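Residue numbers (UniProt numbering), protein chains in the order written: chain V, 1 to 261; chain Z, 1 to 272; chain R, 1 to 280.
By construction, these hints were calculated from the structure, which means they are not laboratory data. For clarity, every value in this text was computed on a predicted model and none was experimentally measured. Certain hints may be false.
What the hints assert, rightly or not - Under the rule of at most 27 Å between Cα atoms (straight-line distance), these lysine-lysine pairs were calculated in the DSSO-like manner:
1) K260(R) / K243(R)
2) K110(R) / K143(V)
3) K270(Z) / K165(R)
4) K267(R) / K88(Z)
5) K234(V) / K110(R)
6) K134(R) / K88(Z)
7) K165(R) / K88(Z)
8) K109(R) / K143(V)
9) K165(R) / K234(V)
10) K91(Z) / K150(R)
11) K88(Z) / K243(R)
12) K267(R) / K234(V)
13) K121(Z) / K150(R)
14) K244(Z) / K207(R)
15) K91(Z) / K134(R)
As the list claims (entries may be wrong) - Incomplete in silico selection of chain V near chain R, CB under 7 Å:
16) N64
17) R65
18) R93
19) G159
20) Q229
Each residue gets a CB set at the ideal place from its N, CA and C atoms; glycine is no exception.
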Amino acid sequence: MTSIGTGYDLSVSTYSPDGRLFQVEYAGKAVEAAGVAIGLRCSDGIVLGVERLLHSKLLVKGANRRIASLDEHIGIASAGLLADGKHLARRGREEASSFRENYNSPVSVQILSDRISAYLQAYTCYGSVRPFGLSSIIGGVDKTGPKLFCIEPSGVYYGYRAVASGKGKALAKTELEKIVNKYLDAEQSGQGAGLTCREAVDEVARIIYLVHDDNKDKDFELEMTWICQESGNKHRPVPDDLLKSAEEKAKAALEEGMEED
Amino acid sequence: MALYHNQPMAHAQEPTAAPIEHRFNPYSDNGGSILAIAGTDFSVIAGDTRQSEGYNIQTRYARKVWQLTDKAVLATNGFAADGNNFVKRVKQRLEWYEHAHHKPMGLKSIARMIQTMLYGKRFFPYYVYNILGGIEEDGSGAVYSFDPVGSYEREACRAAGAAQSLIQPFLDNQIYFKNQQPEPGSQPFIPGNLPLATVLSLVVDSFTSATERHIEVGDGMEIYIVMARDRTTDDLLGEGKLQKGMEIEELGTLGEGQGERTFLVRQALKRD
Amino acid sequence: MMSQHPATWGQPTPANSSFNQFNTFPLPQTQRGQSSHAHHGPVGHTQQPLVTGTSVLGLKYDGGVMIAADNLASYGSLARFRDIQRLHPLGQHTLLGVAGDMSDFQWLKKELDALLREEDALALTDSHPSLSPKNIYELLSNLFYARRSKMNPVWNAVLVGGWDKVKKESFLAYVDLLGTTYTAPTLATGFGAHLAQPLLREAYEAKAGIDGNGPLLTKEEAEKVLEDCMKVLFYRDARSLNKYQIATITSEGVDISDSKSADTYWKFAEGLRGYGAQTQ
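Put together the whole structure using the sequences plus the hints.
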């Protein structure tokens, strides 16, 4: 950050001479400090997972969730400032229900992501506000099938097959690429059925355990939701038994990996 | 009055040229009756449990009598929806009072508050007749009665509701000793100091009689008895004090408790 | 005046708001965001029902509660819509049976579904318990009473049937356009209050007794009573239809039957004299 102290980083209403908005970039830093969040688009649905870092041993187990529902069929996992995430989820729910009110049909993941991104972008236009310290993964199943998007603090959003944000997202993305490529190859050669949500639960758990740094990071809880046939095509927590077995497998894979090293 | 909702053939006298205005009527009459009688150191507040509309019995058990504090019980009668929502608001105001002053509201203050709440809706009234019974700060039994827009007074007894015209004359005779002469040389009558047992049998007789002669009264009866502190309960809880078929329970204190005790007696009434 | 300041943002743009948020309109005195031109005359209130549904019946039985209603929505005396559903589930353990104005019913459905969807979404994040039948009934009672107090009634009579998961007991209650509320082991709205309620009470009390302490009707018995009642209503209520549904609400959840009809007997009509085409 060579430009600190030049005065161009104080407000989002002033560009730096080379065309950057430093406040937006700083918001990105808030994201990087958060536990990793992962979204994975499968052939039969969506799986969302977060590494919920526990800043205190006194926290109630399972509390302060970072994945929220925006509608029956859409979930949002956010990495960054928890309170910003809650606010954005609330706004997302209002958008989703307003869409239903106006059009009497569930909002598509694409349209909802677009509206939320427009909302985020507005917070990069005024000197009186700060951008959201959030990178939000929005996943859902609509009439066009499973869809996955990630919105950055700038308001920009892209569609993904798989996406990660937060601390250690680079490593997570490399792992996700491997999975995506494996199933893409299988699909193209006409033999694989594509990645299923049940398989994806194991994969996401494995990646989160892999990314988590036991030495540097605080303890964490694994939080996972999905939208698939098994959840009635609704956004629901991954069932406890499934989550538990995925965690066991993830820990086993970690042990195995350590032995290889 | 109650036999016909509209006077038979009433429309025949009206001019038919003008279009009939159809307007939503926000009120209904849900029948039933309530009464309260004060003693020197107790108060009895009672109501039946039938809720009706026209000739239909809506339910055989709907509450009309409500414990407000350790020394206040309110009976409501008239339009049930207004009654329920009015009681809800009264209870909310009592709660706020307790938060603000760290003590429950006294009986006479509740009575005044009810008057202002009723009058507050003077131009869209609660269609409810209220009777408030309980123990005053001086330990005496008291009854306050209200009209729907808040006019109120303290009395020794009051009946209201569908069978008011049946019960009130009876109470006037038995409580206020109207049309009675003391025996020559004996003490003059003083209203409001009958013993509890007498009051209870008056209440029961009032409701069984009203049930016989009024179609909107019946099914069940709830009698609340509020007793002043340090008063004996032997005349209520003692062996054989209650009539057959009566069930009694003591309602626990609502707050800190200053010695007043409230009992609830239930008895079945005829269901026809 | 619609503010541009982000601190005042909070709601999505409503469908009926004027779409001129960015000062494109040349006249500064124009009150943007306030649809002053939208209203002509007084605010419209439901002063009378138009398309209506008739009786709804409710009955507690051993292990749950049953609600029945036919599939007819009448336009006055015209049998206008003969395949509408007047039983509406709300969440896992609650069901509404609705009589009265069908457009108010549709509005009610929309509002409640939106509310339950929000509750459902919040439940995932905050793991708070879902709305119980009692919660939904209280909400409806407050809504109906508030609307009647604004002289703008929701022109319906509603039976709420449900299963209380905590108390492990069935729930059955009534609320109508006046905000009148009550509960009983058997309930009926409209014509059903005259024709079916006595039959329901008789059947209920035959087993449970007048205090309700005896055994309740079995599922089969309850269904039989309701079918009898729906038949009586079809015979005598001119605004009814011999096509109805029965919903059961138990600990297992809500089950709404397919439409069914009662066997009816009309042979006696041939023997009647004084109507129709007979000449002697």
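Evaluation of the provided hints:
1. As the CA atoms of K260(R) and K243(R) are separated by approximately 5 Å, the hinted pair is consistent with the 27 Å bound.
2. Restraint check: the Cα-Cα separation between K110(R) and K143(V) comes to about 21 Å, which is no more than 27 Å; the hinted pair holds.
3. Only pairs whose Cα atoms come within 27 Å are accepted, and K270(Z) paired with K165(R) is rejected, the gap being roughly 35 Å.
4. A hinted pair counts as satisfied when its Cα atoms are at most 27 Å apart, and K267(R) with K88(Z) does not qualify at roughly 56 Å.
5. Straight-line distance between C-alpha atoms of K234(V) and K110(R) comes to about 19 Å, which keeps the hinted pair within the 27 Å bound.
6. Only pairs whose Cα atoms come within 27 Å are accepted, and K134(R) paired with K88(Z) is accepted, the gap being roughly 16 Å.
7. At most 27 Å may separate the alpha-carbon atoms for a hinted pair to count; K165(R) and K88(Z) meet this at roughly 26 Å.
8. Of the pairs offered as hints, the one joining K109(R) and K143(V) holds, with about 23 Å between alpha carbons and a cut-off of 27 Å not exceeded.
9. Distance restraint check for K165(R) and K234(V): the Cα-Cα separation of roughly 22 Å lies within the 27 Å cut-off, and the hinted pair is therefore satisfied.
10. A threshold of 27 Å between alpha carbons decides the hint, and for K91(Z) with K150(R) the separation of about 23 Å falls inside it, so the pair holds.
11. Of the supplied pair hints, the one linking K88(Z) and K243(R) is violated, its CA atoms being roughly 41 Å apart against a limit of 27 Å.
12. Only pairs whose Cα atoms come within 27 Å are accepted, and K267(R) paired with K234(V) is rejected, the gap being roughly 53 Å.
13. Annotation: proposed proximity of K121(Z) to K150(R) holds, straight-line Cα distance about 13 Å (limit 27 Å).
14. Only pairs whose Cα atoms come within 27 Å are accepted, and K244(Z) paired with K207(R) is accepted, the gap being roughly 25 Å.
15. For the proposed pair K91(Z) and K134(R), the alpha carbon gap of about 20 Å is at most 27 Å, so the pair holds.
16. This hint is violated: N64(V) has a C-beta 10 Å from the nearest C-beta of chain R, more than the 7 Å allowed.
17. With a least beta-carbon distance of about 5 Å to chain R, the hint placing R65(V) at the interface is held under the 7 Å criterion.
18. This hint holds: R93(V) has a C-beta 6 Å from the nearest C-beta of chain R, less than the 7 Å allowed.
19. Interface restraint check: G159(V) against chain R, minimum CB-CB distance 23 Å, threshold 7 Å, status violated.
20. Taking 7 Å as the C-beta contact cut-off toward chain R, the hint placing Q229(V) at the interface is violated, the least distance being around 18 Å.
Of the numbered hints stated above, those contradicted by the structure are hints 3, 4, 11, 12, 16, 19, 20, listed in ascending order.
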